[in-house]
Amino acid sequence: MNTPTQFAHIKGWGADLDHANRPAYPKERMPARLNPPVRWEEPEPQLRHVEVLRSTERPAMTPVFGSGQPPRGLSGGIRRFAFSYSENDLRHWLLLLFADRVDVGEGLIEDLARGHVPRIYSEMGGRAELKHNPVGAAKKGLVLAAVIGAAYLMTRRSPRRRSMRPR
Amino acid sequence: MLALNYRGPYRVRASQKPDPIIEHPNDAIVQVLRSCICGSDLHLYHGLVPDTRVGTTFGHEFVGTVVDIGESVQNLKRGDRVLVPFNVFCGSCYFCKRELYGNCHNTNPQATAVGGIYGYSHTAGGFDGGQAQFVRVPFADVGPTKIPDELLLEDAVMLTDAFPTGYQAAEMGGIREGDTVVIFGAGPVGIFAAKSAWLLGAGRVIVVDHLEYRLEFVRNFAQCETVDFKSVDDMAIHIKKMTDWLGADVCIDCVGCEAAGSALQRLTGVKLKMQAGSATVLHWAINSVRKGGTVSIVGVYGPTFNAVPIGNAVNKGLTLRMNQASVKRHLPRLMEHIRAGHIEPHKLITHRIPLEEVSDAYHLFSSKLDGCIKPVLIPPGVNV
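If you read the sequences in order, they're chains A and B. Position 8, counted from 1, in the first sequence is what this note's numbering calls 8; the numbers after and before it change by one each time, with no gaps. Position 120, counted from 1, in the second sequence is what this note's numbering calls 287; the numbers after and before it change by one each time, with no gaps.
If you're looking for bench data, these hints aren't it; they were derived computationally from the structure. Some hints here could point you the wrong way.
Now the in silico label distances, taken between C-beta atoms and shown as ranges [said to hold, decoys possible]:
{"#": "1", "chain 1": "A", "residue 1": "Y152", "chain 2": "B", "residue 2": "Q390", "range": "49 to 59 Å"}
{"#": "2", "chain 1": "B", "residue 1": "E238", "chain 2": "A", "residue 2": "L144", "range": "33 to 43 Å"}
{"#": "3", "chain 1": "A", "residue 1": "R48", "chain 2": "B", "residue 2": "E238", "range": "13 to 23 Å"}
{"#": "4", "chain 1": "A", "residue 1": "P31", "chain 2": "B", "residue 2": "E511", "range": "30 to 40 Å"}
{"#": "5", "chain 1": "B", "residue 1": "A280", "chain 2": "A", "residue 2": "R157", "range": "32 to 42 Å"}
{"#": "6", "chain 1": "A", "residue 1": "L142", "chain 2": "B", "residue 2": "A430", "range": "17 to 27 Å"}
{"#": "7", "chain 1": "A", "residue 1": "P37", "chain 2": "B", "residue 2": "L413", "range": "43 to 53 Å"}
{"#": "8", "chain 1": "B", "residue 1": "K438", "chain 2": "A", "residue 2": "A20", "range": "43 to 53 Å"}
{"#": "9", "chain 1": "A", "residue 1": "S122", "chain 2": "B", "residue 2": "K244", "range": "39 to 49 Å"}
{"#": "10", "chain 1": "A", "residue 1": "E51", "chain 2": "B", "residue 2": "A280", "range": "21 to 31 Å"}
{"#": "11", "chain 1": "A", "residue 1": "R48", "chain 2": "B", "residue 2": "A280", "range": "18 to 28 Å"}
Dumping the calculated DMTMM-like pairs for lysine to aspartate or glutamate here, alpha-carbon to alpha-carbon at most 25 Å [said to hold, decoys possible]:
{"#": "12", "chain 1": "B", "residue 1": "K440", "chain 2": "A", "residue 2": "E106"}
{"#": "13", "chain 1": "B", "residue 1": "K535", "chain 2": "B", "residue 2": "E383"}
{"#": "14", "chain 1": "A", "residue 1": "K140", "chain 2": "B", "residue 2": "D537"}
{"#": "15", "chain 1": "A", "residue 1": "K140", "chain 2": "B", "residue 2": "E524"}
{"#": "16", "chain 1": "B", "residue 1": "K440", "chain 2": "B", "residue 2": "D411"}
{"#": "17", "chain 1": "B", "residue 1": "K440", "chain 2": "A", "residue 2": "D89"}
From the three backbone atoms N, C-alpha and C, an ideal C-beta is built for every residue, glycine too.
The whole structure should be built from the sequences, with the hints applied where relevant.
Below, the structure written as structure tokens:
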């Protein structure tokens, strides 16, 4: 096709104007253009060696699934409970978000139990912050110091208050 | 092996994990050569995606070398260099038969609304991702695509998600010759959507963001107009003023659930989690598009609900199109565009960072430091 002059500086302008050149047109396309085509009608099922939770909106396990991080501890119990509700039920998702937060606490305990003290500032990208945003890092440091200082002062003042109370 | 290890919101580290193993006869094990951090990974990193478990390895944009295959794999052999679409898909279910590979029904037991995605929480199937030295790739005969010799590895890694998603976003807009297309978000997907809009014959492309370095990048990369939304009082009025008071023909959401631009949306969607993320861009898109126009959505939102002006969409007679990209069906055409020199996807890569420094890479990308547009992780021992 001839490219209109106002688009001459844009490489490839209009190359896919024709729907025949649009790879996902129409939206649903049969037969699929997989090359070579798949050899199975139903995939073989993957063997399960860890607990895998399943949506109640499914009649059976899918043939393939991820097997990382099976449910564990208290968070795992909450996740199992969450999966008693369907995806259509808000409780399902809110319980999963709650389980995620519990899992973070369990992760900290797991780290400490293994003798690993997590370097939280480093895990949060502190080195990049210091290098590329030193002013922001300083501000955050000052805010943190102010909070700690205020907390310290409050704990120091409390005994005085107690001592001033009439006996 | 060394792999990203999620420890909680805003906390990741690189640590040792067991190597992945063949768990299904059609599995392959791929040694990762390059792995990108995607903007949607930040939703995981920020703790917004339900069922993101501590210990998960993120990463759905990766290329690598096949180092092991299951007994039924016929289309790959050890040593093949492959790009792996972010969708885990079987090729044979109701949806895959219709080329809707992003909606595969056979790879995610935990949910029905979303198919399997590498490294994207148990809500997307519980598959560990490619921000690691090795990764398990199910349905190795279907998903992975051999990387042609002439294709740069860093172009290939952009074909696993960002470029096809940006292209599909534009394609779903049903762009006709001369259309005005407004793209919200100048991240990698928005940048690719802008470039793709031209390929599809748009007459005018406008990209909206608030980060000047990204707006400058997209102006140069995609020869488009830009709008800094922080300098605009009302987005819908601004777009209408730019379009003879009619509105744009097509509006595209390339931002998703962490959109800035509305304090109320941020409070209710991101901080208080009263809705599935901030729906600011959905508001802007529906209210800025012309009557009878199309809104295309590829930004990621949570599974619950968002408050959006659906009544306006009805009254304006809009077409709403949205989906996860069906990467595999786009690859042949997008490779042709790269070969023809229409686009150089690797130019979006601004940072190449060792996997060992993944904590810094995430913070850099999340906080938009050092002019970051697209960071790529390089596992240890990789020499290409």
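Now the hints, each set against the structure:
| no. | hint | in the structure |
| --- | --- | --- |
| 1 | A/Y152 / B/Q390: 49 to 59 Å | holds, 57 Å |
| 2 | B/E238 / A/L144: 33 to 43 Å | violated, 56 Å |
| 3 | A/R48 / B/E238: 13 to 23 Å | holds, 19 Å |
| 4 | A/P31 / B/E511: 30 to 40 Å | holds, 34 Å |
| 5 | B/A280 / A/R157: 32 to 42 Å | violated, 54 Å |
| 6 | A/L142 / B/A430: 17 to 27 Å | holds, 25 Å |
| 7 | A/P37 / B/L413: 43 to 53 Å | holds, 46 Å |
| 8 | B/K438 / A/A20: 43 to 53 Å | holds, 47 Å |
| 9 | A/S122 / B/K244: 39 to 49 Å | holds, 40 Å |
| 10 | A/E51 / B/A280: 21 to 31 Å | holds, 22 Å |
| 11 | A/R48 / B/A280: 18 to 28 Å | holds, 23 Å |
| 12 | B/K440 / A/E106 | holds, 22 Å |
| 13 | B/K535 / B/E383 | holds, 14 Å |
| 14 | A/K140 / B/D537 | holds, 18 Å |
| 15 | A/K140 / B/E524 | holds, 22 Å |
| 16 | B/K440 / B/D411 | violated, 38 Å |
| 17 | B/K440 / A/D89 | holds, 16 Å |
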